[in-house]
Amino acid sequence: MAIEATQGAVHEHTAAVAAQDEHGPVHHQFEDIEQQNESYIVGMWAFLVTEIMFFGALFLAYAVYRWKYPLVFIEAHKMLDIPLGLTNTFILLTSSFFVVLAVHYHKLNRRKLAATWLFLTVLCAFGFLVIKGFEYGHKFKVGHVPGPNFTFELPASASPEAKEQVTVERAQLFFGLYFAMTGLHGIHVLVGILILTPLAFMILKGHHHVVDDYIPTEMAALYWHFVDVVWIFLFPLFYLIPLH
Amino acid sequence: MSSSVLENQPVAEEPQRPRKHYLNAAHTVGSWLFTTDHKRIAIMYLISIVIFFAVGGIAAAFIRAELTSPRGIMLSNDNYNKMFTLHGVVMIFFFLIPSIPAVFGNFFIPMAIGARDLAFPRLNLLSWYLYMIGGLFAVLAMILGGVDTGWTFYTPYSSMYSQSQVVLTIMGAFIAGFSSIATGINFIVTIHKMRAPGMTWFRLPLFVWSHYATSLVIILGTPVVAITLLLVVVERVLHIGIFDPKLGGDPVLFQHLFWFYSHPAVYIMILPGLGVISELISTFSRKRVFGYHFVAFSSMAIAGLGFLVWGHHMFIAGQSMYQGMVFSILSFLVAVPSAIKVFNFTATIYKGHVSLDSPMIYAMSFLGLFTIGGLTGLYLSSMATDVHLTDTYFVTAHFHYIMVGGAISAFMGALHYWWPKMTGRMYPELWGKLAALLMFLGFNLTFFPQFILGFLGNPRRYHYYYLQPELQIYHILSTAGATVLALAYLLPVFYLVWSLFFGPKASSNPWGASGLEWRTASPPITQNFEETPIVTWEAYDYSSVPDLKEEAEKQAQPPTPVGG
Chain A
16 MAIEATQGAV
26 HEHTAAVAAQ
36 DEHGPVHHQF
46 EDIEQQNESY
56 IVGMWAFLVT
66 EIMFFGALFL
76 AYAVYRWKYP
86 LVFIEAHKML
96 DIPLGLTNTF
106 ILLTSSFFVV
116 LAVHYHKLNR
126 RKLAATWLFL
136 TVLCAFGFLV
146 IKGFEYGHKF
156 KVGHVPGPNF
166 TFELPASASP
176 EAKEQVTVER
186 AQLFFGLYFA
196 MTGLHGIHVL
206 VGILILTPLA
216 FMILKGHHHV
226 VDDYIPTEMA
236 ALYWHFVDVV
246 WIFLFPLFYL
256 IPLH
Chain B
3 MSSSVLENQP
13 VAEEPQRPRK
23 HYLNAAHTVG
33 SWLFTTDHKR
43 IAIMYLISIV
53 IFFAVGGIAA
63 AFIRAELTSP
73 RGIMLSNDNY
83 NKMFTLHGVV
93 MIFFFLIPSI
103 PAVFGNFFIP
113 MAIGARDLAF
123 PRLNLLSWYL
133 YMIGGLFAVL
143 AMILGGVDTG
153 WTFYTPYSSM
163 YSQSQVVLTI
173 MGAFIAGFSS
183 IATGINFIVT
193 IHKMRAPGMT
203 WFRLPLFVWS
213 HYATSLVIIL
223 GTPVVAITLL
233 LVVVERVLHI
243 GIFDPKLGGD
253 PVLFQHLFWF
263 YSHPAVYIMI
273 LPGLGVISEL
283 ISTFSRKRVF
293 GYHFVAFSSM
303 AIAGLGFLVW
313 GHHMFIAGQS
323 MYQGMVFSIL
333 SFLVAVPSAI
343 KVFNFTATIY
353 KGHVSLDSPM
363 IYAMSFLGLF
373 TIGGLTGLYL
383 SSMATDVHLT
393 DTYFVTAHFH
403 YIMVGGAISA
413 FMGALHYWWP
423 KMTGRMYPEL
433 WGKLAALLMF
443 LGFNLTFFPQ
453 FILGFLGNPR
463 RYHYYYLQPE
473 LQIYHILSTA
483 GATVLALAYL
493 LPVFYLVWSL
503 FFGPKASSNP
513 WGASGLEWRT
523 ASPPITQNFE
533 ETPIVTWEAY
543 DYSSVPDLKE
553 EAEKQAQPPT
563 PVGG
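Just so you know, the sequences run in chain order A and B.
Following this note's numbering, the numbering of the first sequence begins with 16 at its first residue and continues without gaps.
Following this note's numbering, the numbering of the second sequence begins with 3 at its first residue and continues without gaps.
Bear in mind the hints are in silico, worked out from the structure with no lab data behind them.
Just to be clear, a hint being listed does not mean it is correct.
[What the hints assert, rightly or not] Only pairs whose alpha carbons sit at most 25 Å apart, straight line, appear in this in silico DMTMM-like list of lysine to aspartate or glutamate:
#  : chain 1 : residue 1 : chain 2 : residue 2
1  : B       : Lys507    : B       : Glu532
2  : A       : Lys83     : A       : Glu53
3  : B       : Lys248    : A       : Glu49
4  : A       : Lys122    : A       : Glu184
5  : A       : Lys93     : B       : Asp252
6  : A       : Lys156    : A       : Glu184
7  : A       : Lys178    : A       : Glu168
8  : B       : Lys248    : A       : Asp47
9  : B       : Lys507    : B       : Glu540
10 : A       : Lys83     : B       : Asp252
11 : A       : Lys127    : A       : Glu46
12 : B       : Lys22     : A       : Glu176
13 : A       : Lys122    : A       : Glu176
14 : B       : Lys248    : A       : Glu46
15 : A       : Lys178    : B       : Asp252
16 : A       : Lys220    : A       : Glu233
17 : A       : Lys122    : A       : Glu179
18 : B       : Lys248    : A       : Glu53
19 : A       : Lys83     : A       : Glu233
20 : B       : Lys353    : B       : Glu533
21 : A       : Lys93     : A       : Glu168
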């Protein structure tokens, strides 16, 4: 899925073709660098549309079930760790800022700085995954992972309506959505690391497909912003459900 | 114009040594497997798609043979279920969805807009590999025992109860989905950004417009079905039961998500076909397509409305009456742009210089069969009649009129129309006409009886019908038709392959068509055009075709009228 994202970034490039090509970084099918860049931009946005639809189906499932079982979502979401989720939100927002800086310095052709900010972005991504890993690990320990070992206990203080609506099975549905959606997002973070790391190295080494123009970096950054935005929706939907 | 006149003319610019073109640019296996040339990738797609078509066709043959008897004669119940699932999965995910876009779209969109290649050639190659990997998964699932869920994979049967190879098959469809997403993105970018100078949006051939609409449907719909199918796998493997009714999940939600893609998917299958028909009708009537703008926008309207009608697959699946009414009205609405196309194509033929070469016969078949398929669709979008007809052979007949009578007719028409351009050889016209007519006859004999079967209440997907043995005659007629149809599909394999070696050399524009792809050599060079063309003429402007002027001058002496 990251292929389109890396279209401009990771080229195993054929030296022979580029040597014949007076434009250098312009691929043979394009007339000039503008056409190539515009194509990358249209392609990247089209790809992001597919990504939105990809997550969209899950958001729809979330909406249907939250509409159907509001109290289940309120009770089950109390089991999520808000401080950790909030930390992760800050980490991702910061990483988006870092990637903006990377694009900025790439535009100014300051390659070392651009690569540095990309590495810091990747560091944030790892931080996010580590914290997410701790959260998942805790869920495994207390039996909040859907499957045969799933357990869920309603606190004694819960309202009578909640006691009627909330069952172990329905709580499992909530955690099923939680793991499906944050899991898919986590995979996207991982893919982001796999895009941004080689990109940073290529910029450092001065690989001409990524240093002659900043558009590949900007495309990778777009992907990263998308991953960030998905989390901005996931965090309140799962962690911050209003209690009344 | 009769094609034989031009076929026999020596190609003037024939050099002593064979001309370099995309087919003989390199000969190694690697030069095919690692090519980024859209034309070579299209040829690889063509070969693989035909193989999958054969697999799906063999499954259909088993189904038809089985149904000649009310009690079943060769397959167990289980194997029958697996057979129609195999037929559906292979035909839909591995034949119909990629068929015209991946072969002819791939080959001719860049050529029709005057580009050297698609915007992302390596992504294009990747899409072929994804398609093949997905196909291998599906074939592997078949070898390891097959699937019995039907191509729709309805939960909870697929996610909880089925003991067959659901996971492998779904992974196959999932991976093939990314192949079509890659193709869709590639087309959108190519059409937006790679058009030659002067090739404005309203000079685009309608073939390109319909592929643009198709690509929009692909990128908006395919991800939804991908994640939905993935959730079924997740439920089977990891027990995360989003659709599990035991947990309070909703299996109808699966149907909503599934049909949100899979109804638009029928437009993925038919829109490229309508694009092909635009080209054929115009070329063989020697007229600009009547109401060009309407036909272009009707493609977009079909793509848009197509996303709003999925609920008509669930009239009896427990959705509310009001939901049903909305979906019913919207389904009627989508008939409007489809009808615009049919009327405009008919108006194009009217008073045109019609030449009945085999592509045109396919196009004419398309018009008739698509119209019947479309009109019978209205019976299914009315809730009252749908209650009677849903899940009967009426539905089977309806969508086969669209998918086989429509999409495959268009595919065959496109194959014959562009064969000289793709291979540089003419196919034997007489055999082509014979196959086209056989297809029309065989098709109607196969599927018209199924309308009657459905009306009489024969449920689809049933193995036996011994409670209604009087239905046997219709099933036998249908099987007889399928035999003729199989012959009509086999014939072209032989004469097209024959023509590769023995067919007369094709000129650059044997049909006198107006598209840019006909203004370069047959077969084209790797870069498509010697130099980037500059477009100064409108779409389907036959007075701008250089070959036609010469032809008209040559034919000034013997009085052979153009289109005679």
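field: Violated constraints from the hint list, given by number and in increasing order
entry: The structure conflicts with hints 2, 3, 4, 8, 9, 11, 12, 13, 14, 17, 18, 19, 20, although it agrees with all the remaining ones.
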